[in-house]
Amino acid sequence: MAETRYINGIQQALLEEMADDSTIRVMGEDVTFGGPFGATKGLVEAYGESRVINTPISEATIVGMAVGAAITGLRPVLEIMFVDFITLGMDQLVNHAAKLHYMTGGQLEVPLTIRATCGVGGGYGAHHSQSLEAWFSHVPGLKVVAPYTPADAKALLKSSIRDNNTVLFLEHRGLYWTRGEELAEHEQVALGEAVVRRAGKDITILGVSKMVGTALKAAEQLAEHGIEAEVIDPRTLAPLDLDTIVSSVKRTGHLVIAHEAVETGGIGAEIAARVQEAAFNELAAPVMRVGAPFSPVPTSIALEKEFVPGPEQVIEAVRRSIAYNRVA
Amino acid sequence: MTTSEVSRDDLRSFLESMWLIRAFEEKAAEIYARGKINGLLHLGMGLEGVASGAASAMRRDDYVFGGHRAHAHAIARGADITSMMAELAGRSTGLCGGKGGTMHLSAPDVGFVTATGVVAGNIPLALGAALSAREAGREQVSAAVFGDGAGQAGVFHESLNIASLWKLPMLFICENNGYAEFSPLSDHTLVERLSEYAKTYGVPRVTVDGNDVLAVRDAIAEAVQRARAGKGPSFVECLTHRLRGHYEGKKSEYERSEIDSKDVVRIFERKLIESGDILRDEATEIARLARERVEQAAKAALDAPWPQADQVTTQVLST
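Chains as they are written, first to last, in the working numbering: chain E, 1 to 328; chain F, 329 to 647.
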């Protein structure tokens with residue numbers, strides 16, 4: 001199987017979907033120039049400026065404009081350059097995109113995909129590095145997708161674009177140049193389906209986005225010490241594939257959740273709560289969380305390194321879970 | 329106002345439309361006072377001229393996006409008043425099955441797409457619909473209707489900029505009634521005429537007397553024509569009077585004695601009688617028929633069943 005990069009998976013998904021559906025409009029800041037990372041490279045040459053639309057730096061309005069276009073016949077794919085900037089568009093996202101289908105009694109649909117770069121790396125600082133998936137997952141009416149592999153980036157973006165709801169498609173900047181197998185021709189991945197990245201019997205580790213890789217690294221090291229970890233990639237955070245997670249936890253009895261967002265109020269808290277409701281008796285230890293400390297993302301790479309949890313923090317959480325003595 | 333160039337049938341239609349809106353709002357106020365409508369009810373008494381004038385200059389497949397005070401525009405577009413009243417009362421037969429209510433009416437089949445409870449929130453939506461309209465190539469236009477309070481919001485300015493930059497077929501219809509929620513406009517800005525902002529962005533603008541339905545109609549018709557011809561957006565500012573308080577239960581800013589002289593429906597009716605375009609008895613009959621229709625709508629709405637409990641969690645996502 002040929003290999004590709006994550007960023008190319010995204011670019012390919014856009015090219016292919018635009019060929020199939022003339023209502024798709026790619027819009028956002030600098031998209032005609034490929035955006036800062038090249039995700040939209042080649043689109044304007046292929047489809048012209050009427051379908052690949054450069055917008056002013058007006059996030060509050062371009063989110064709303066994309067919603068307005070979506071409810072009147074277009075299928076916009078909006079790029080928000082960094083997810084941090086979506087804070088400016090939260091009214092349109094939370095009050096309009098997420099609620100219009102419901103508030104109108106199902107009369108309007110909002111087939112909108114919002115792509116946004118997230119994640120820490122390279123000293124970008126507090127306004128270009130956040131992971132905000134928990135905010136979006138808290139809002140009824142939104143879908144939230146966070147792919148890890150290049151093949152998933154392509155497959156899930158295609159599924160997001162075809163979905164008739166507003167989908168937040170979160171791309172970790174640190175994954176853009178990672179390589180992986182290409183998506184097989186005609187292969188599809190539905191939203192809301194988790195995948196087991198590594199099978200194991202002793203403990204379940206769930207990683208979000210780039211932290212899937214961190215979890216896999218931790219699992220390799222644990223294997224050297226005789227601990228076989230199962231690694232789950234949820235891929236979609238809303239709606240969450242709880243069944244896959246719970247069935248794994250029922251076999252292993254242990255769960256560690258790792259994400260790059262701050263641990264407090266993160267998506268891990270929600271997953272932990274739901275797993276303990278569904279599998280309390282099978283759990284041999286409390287669900288452990290590994291996330292960033294409760295601070296903004298620092299800029300200095302010396303501090304950044306401390307901020308993002310690595311495999312050693314995941315291993316430490318695994319050890320605490322396995323060593324936990326449950327008093328009957 | 330000159331009525332001479334308008335046919336008697338059209339003049340009569342305006343009066344019928346305005347009386348229907350007025351009767352609906354009066355009935356809504358009455359039902360609200362009886363506790364049969366909940367929530368925050370923002371009535372549009374005094375704004376009938378803008379709604380009727382605008383609707384008369386637009387096509388059924390044009391898009392209108394209202395704000396929190398938008399009953400008048402939905403009615404003027406032709407939304408079913410029974411379904412509207414049922415929506416206000418939270419019944420299953422409402423336009424949105426009781427999930428939208430007074431501030432989130434939606435009747436896309438007559439071009440009243442949706443309304444928003446967030447001041448200025450509808451402007452970017454209308455901008456997006458204008459983009460859809462341009463791409464569809466059917467010479468449709470998209471209109472955002474907002475009050476003077478929206479002029480101090482960021483999206484108002486961003487949307488003016490983009491609509492102008494891309495020459496989108498969009499109408500900015502401002503109902504400048506001098507009050508932003510509870511505060512006079514002068515508390516919020518030194519800019520008295522919102523149309524002044526349009527100048528900066530190169531958007532053609534006009535300020536008209538919102539109490540003159542024919543002036544509104546003419547201004548909107550010109551803006552619509554410009555949009556359909558691919559010449560971009562326009563800004564129509566209508567100077568109006570909000571005859572009730574910000575929402576029901578709050579006091580009107582006007583003295584009782586003042587209200588009649590600022591009342592767009594009475595002004596238009598008097599004008600038609602004075603010009604001989606309509607007999608006093610005919611005008612009385614138009615008002616009576618409007619009230620009768622609304623009475624029947626209200627009865628049907630309040631007799632309608634409540635939504636089933638399972639409706640709380642349906643339509644969260646489109647399936």
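Heads up, some of the hints might be wrong.
With the C-beta cut set under 7 Å, the calculated list includes, among others, these residues of chain E facing chain F [stated by the list, open to error]:
#, residue
1, 54
2, 61
3, 64
4, 90
5, 102
6, 109
7, 138
8, 165
9, 284
Read the hints as simulated data drawn from the structure, not as lab findings.
All C-beta atoms in this analysis are idealised placements derived from N, C-alpha and C, irrespective of residue type, glycine included.
Broken hints, by number: Of the numbered hints given earlier, those the structure breaks are 1, 4, 7, 9, listed in rising order.
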